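> Each chain, letter by letter, is given below.
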Amino acid sequence: MTATPWLVWKSLANRRLSAGLALLSIALAVTLLLGVERLRNDARSGFANTLSGTDLVVGARSGPVQLLLYSVFRMGDATNDIRWQSLETIAAQPLVKWVIPLSLGDSYRGYRVLGTDLRYFEHYRYGDRQPLAFADGKAFGEVFEAVLGAEVADALGHRIGDRIALSHGTGRASLNGHADKPFTVVGILARTGTPVDRTVHVRLQAIEAIHLDWTGGAPIPGLGLSAEETRKFDLSPKRVTAALVGLKSRAGVFRVQRFINEFRDEPLLAILPGATLQQLWGLFGIAERALLAISGLVVAVGLAGLVAVLVASLGERRRELAILRSLGAGPRQIFLLLASESLVLAIAGSALGVAMLYALVAALGPWLGARYGLTLGLYGLQPREWLLLAAVLAAALASSTVPALRAYRMSVADGMTIRI
Amino acid sequence: MAEDALQVADLRYRWPGQAPCLEIGRFSIAAGEHVFLHGPSGSGKSTLLALVGGVVLPERGTLQVLGTSLASLRPAARDRFRADRLGIVFQLFNLLPYLSALDNITLACRFSGARRQRAGDVSAEARRLARRLDLDDGVLARTASSLSVGQQQRVAAARALIGSPALIVADEPTSALDAQRQCGFIDLLMAECAHAGSALLFVSHDLRLARRFARTVSLDEINRAGGAQG
Chain B
1 MTATPWLVWK SLANRRLSAG LALLSIALAV TLLLGVERLR NDARSGFANT
51 LSGTDLVVGA RSGPVQLLLY SVFRMGDATN DIRWQSLETI AAQPLVKWVI
101 PLSLGDSYRG YRVLGTDLRY FEHYRYGDRQ PLAFADGKAF GEVFEAVLGA
151 EVADALGHRI GDRIALSHGT GRASLNGHAD KPFTVVGILA RTGTPVDRTV
201 HVRLQAIEAI HLDWTGGAPI PGLGLSAEET RKFDLSPKRV TAALVGLKSR
251 AGVFRVQRFI NEFRDEPLLA ILPGATLQQL WGLFGIAERA LLAISGLVVA
301 VGLAGLVAVL VASLGERRRE LAILRSLGAG PRQIFLLLAS ESLVLAIAGS
351 ALGVAMLYAL VAALGPWLGA RYGLTLGLYG LQPREWLLLA AVLAAALASS
401 TVPALRAYRM SVADGMTIRI
Chain H
421 MAEDALQVAD LRYRWPGQAP CLEIGRFSIA AGEHVFLHGP SGSGKSTLLA
471 LVGGVVLPER GTLQVLGTSL ASLRPAARDR FRADRLGIVF QLFNLLPYLS
521 ALDNITLACR FSGARRQRAG DVSAEARRLA RRLDLDDGVL ARTASSLSVG
571 QQQRVAAARA LIGSPALIVA DEPTSALDAQ RQCGFIDLLM AECAHAGSAL
621 LFVSHDLRLA RRFARTVSLD EINRAGGAQG
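If you read the sequences in order, they're chains B and H. Those letters in the first sequence? Residues 1 to 420, per our numbering, in order. Those letters in the second sequence? Residues 421 to 650, per our numbering, in order.
Okay, chain H solo, but in the shape it has when bound (with noise of 0.2 Å):
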């Protein structure tokens, strides 16, 4: 755990034919550091997100996942990186929608035998997570699509934590929520990765919320490059 949670350094990113989104000289996020970065839509926060997972990779530059550079690795490899290390919260609809949110929980160990050892008891421990985020068992039994949005938010935070990966990515988890509940789930997501020791990198528009973070990064600072989108 002693590497940083995210290294960046020289990165550079563009869409095939369009011009370079991302450019970016030096970011990092140290092991289980929660940092707030601000991103405006158009900021290239997106394809941030798309290279911290590993789905893309930088044209130039190093981009370092908790020490281990994902250009490095096969795409196989990248895939099981990301379902063992990371935890992902996406803006909305994160759920498979005809699962049960406890099985929409567990889901993540079910692509990462890594996770589901670190979880022990999946199911029990899906359902401490669960209560954690204020979840009650009646909730977890039902489908994710007779859940509230703010529900599916704690649910897919709990996706998020199961397994403890060191480094938990949101990207916009509050923006379909009322500002009263954006606080309490912005609380209890900071606590539980408090909780297992992971890293978070939160990304919003929401300036609003940003005070709730011991650090600040805004994207459209670090990032050198000029026609971003996305």
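This is chain B alone, in the form it adopts within the complex (with noise of 0.2 Å):
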């Protein structure tokens, strides 16, 4: 018995190539079916870890999820505005605690600006009821002074002090561009793993203030304020794109919520943030398991590539199969030897994938976190991925029957005759 750990190892070595390249499929199958469910993971809480304490959110009428996507996500745009007025009332209602104001439809270098006021520092709350945090300076008191989010900081290499000239509309390569008002950087905010890392924060007479020469989208020609003239106009807005609302008790929200969207001076909607992501996350539910079915059917392909490897080479290997009967290996133990064969290789194949996937997380997690707004955790396997890794083992499990099974009956058939 001894002996066939040692004979395994040997005779694995001596096949590196196609037990390598067996070994290797493993792990690649190991590490998409790992990478997707991490990315779903990840993607999942970090939705859901966007936006806590807000009861709910408020814009112009549209769909629930589209007012989701432009006033927490930062992603597409308003269809409309609502009105300062509207905000106002919707402010004094007594079950209301705190409105933040957000205004959007600028950028700086691809980033979103937001223009709000300090009540966005003190009461906006993401992950786990955590409060936004200055890792450098202080919030915008100035009508020229910005706050930027972590990444963009990280990104751009922005430092307190550094000029900023933020750009008219949405696009990366904007050519209108407000370069006449350029803004000073007086905060950076600590990261949090939300779209506020990437946004660029202005107070609301920031945005009215770079927008008072424009009209229709576009300079008017021959009217170029400059940011010392703008202080002579009155700034305080007008119309902002959303607002997030905070309730005294969670009770009220309907009540709320109902008043909002019966609002009588202007068609408004107010959504409760919560049941909209579980709405937004159903949509990508449907990708994300036909994504997870996907890397299963590549871990199929991979052990069926394993055990085409192994079955193949049982071929050439008769004849070690019979020396090995004549020394008195009995057909268990031939058996016993193919069987871990597909084992040792499915488990060092996913041992690899996992080191694969957190080369991977640590590799491209910053990038993607920059790009797309996906923070990939380097924590841990979680219960669910051993699970998985589990049902990978068994499938290995399974699997190594097939070589082990025809090397049993060949053993057993051949005795020790050789053939060639």
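Keep in mind the hints are simulated off the structure, nothing from the lab. Everything numeric in this text was worked out from a predicted model, so none of it was measured. One or more hints might be untrue.
[What the hints assert, rightly or not] Capping the alpha-carbon separation at 20 Å, the derived lysine to any residue pairs in SDA-like fashion look like this:
#	chain 1	residue 1	chain 2	residue 2
1	B	248	B	88
2	B	10	H	566
3	B	10	H	520
4	B	97	B	131
5	B	10	H	559
6	B	10	H	562
7	B	10	H	542
8	B	10	H	440
9	B	10	B	24
10	B	232	B	212
11	B	248	B	24
12	B	10	H	599
13	B	10	H	563
14	B	10	H	543
15	B	97	B	246
16	B	10	B	335
Take the two lone chains and join them into the complex the hints point to.
This is the structure we're talking about:
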């Protein structure tokens, strides 16, 4: 019996190319399977963690998912604004504790610019009701001051005191600039793993100021106001894109929602962010399951490749099996030998797959975060991931019986007869 | 060691779905005896070897190897018996190509605790046998696939001999060697068998080799089965 592990090792080492390729295919399949699972998980928790403590999101009447996407995830654009007046009416409701105005539409080198006020830094919560914190500097005070999300500052290498020029619209290469009215970076937020990291925050008044000399989405020819000159105008906001609403008690949420949805002065929409997140996730759910199913199939292909390699090698190894039989190896030992070979390859392949997953997460995680806002964590294997690994190994165990049974039958039929 | 190395009486065997290929009335090998069994191809020698090795069981009659009736043993015990008591040398391709010559020799001891015990220091014993068979240490370190055929056969002989099994079975072990080396190999094999006190059943179609043996038996004469094959 002691001969088996040693022979497994020697025999595999002898066929290191084919065995290595089979191992690699399993490793890649496992990386893919766990990668998809991890991406799914991290995307889901990243989504769910984006906003907390907000009871209602208010915007112009459109679809709930669309409202959530542009107000919270900075994806897509609003179809319409809401009046400042409406916001003040809502804020005055007895059940309402706070309102955070959000004004979107400009960008800074591909990052969205958010016009808001100090209530944002005070009431905005993400993850497990964590408040925003400053990594450096402080909140904006003057009109032309900006607070950068962690990602923006990191990616563009900005520090406190830097001057930045915003662009009109949300395209990365927007030609219409606001270069005539530069902003000074006064604060940089600590990393949150949410879209806040990819946002440039300015005062609502700043949004008004940079658009003073604009009309219909283009600068008014001949009317170029300098930053200094804008101070003479009334910069109090007239319209915003959306608002986050916090209530004194969650119990009143449906009452306030109904009040907003039936708002008399203009058509508004109030959504419960949690419920809409669920809805949004439901949309991704199908794609997500399909992705997982495909990676499951890739694992099956990898295992089939492993079985094929081992079965194909049996033809050449008939002689080897006969020699082992002549030395006293029983058919059962032959079975064990072949089964262990597949299992060793599957286990080593899975281990390599996990290692590759972590290497990949470590290497690509920051890029994915910067580019797609997907935060991939370098945490240990989760229960579900262990379960998937166990499933892979169980499938490997089951498929290992194919070459093993064949070898068993061959060694019973051939005995010690050496057939070439 | 008093019992015969091999005792056959009224033996008959047929491969599934075929006519009987082996029918032997009486044949025996004494303990420590060296016998040349002459069997041209098709005389049923492979079948006889499979029976001696306990890989197949006689359809009728008795076959005792070293006093033990293999038919009375369970399959696992037969495998164990073969590992412990028999040394087998094949015609060709005796070795696992990916193991070193030394590992190939000691492989026999890995499957048998009894042979491991009898060998004592397995590695030292393997080297001693190898030296007796004209294999130097440089050869032992090389993988089997890089050895010449003659070296491979001597490594195979050393593997059969290690741990002194009471019966050595050699199936055409010299057919891949040239005439000069054939005699040298047989002399070495017989000398080592004598040293270990092992009986030797040397099977070959080549009668020229029989001169070196005290006793020659023709399988054609003792096998009464007609359409013998293999």
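> Name the hints, by number, that the structure is in violation of.
8, 11 and 12
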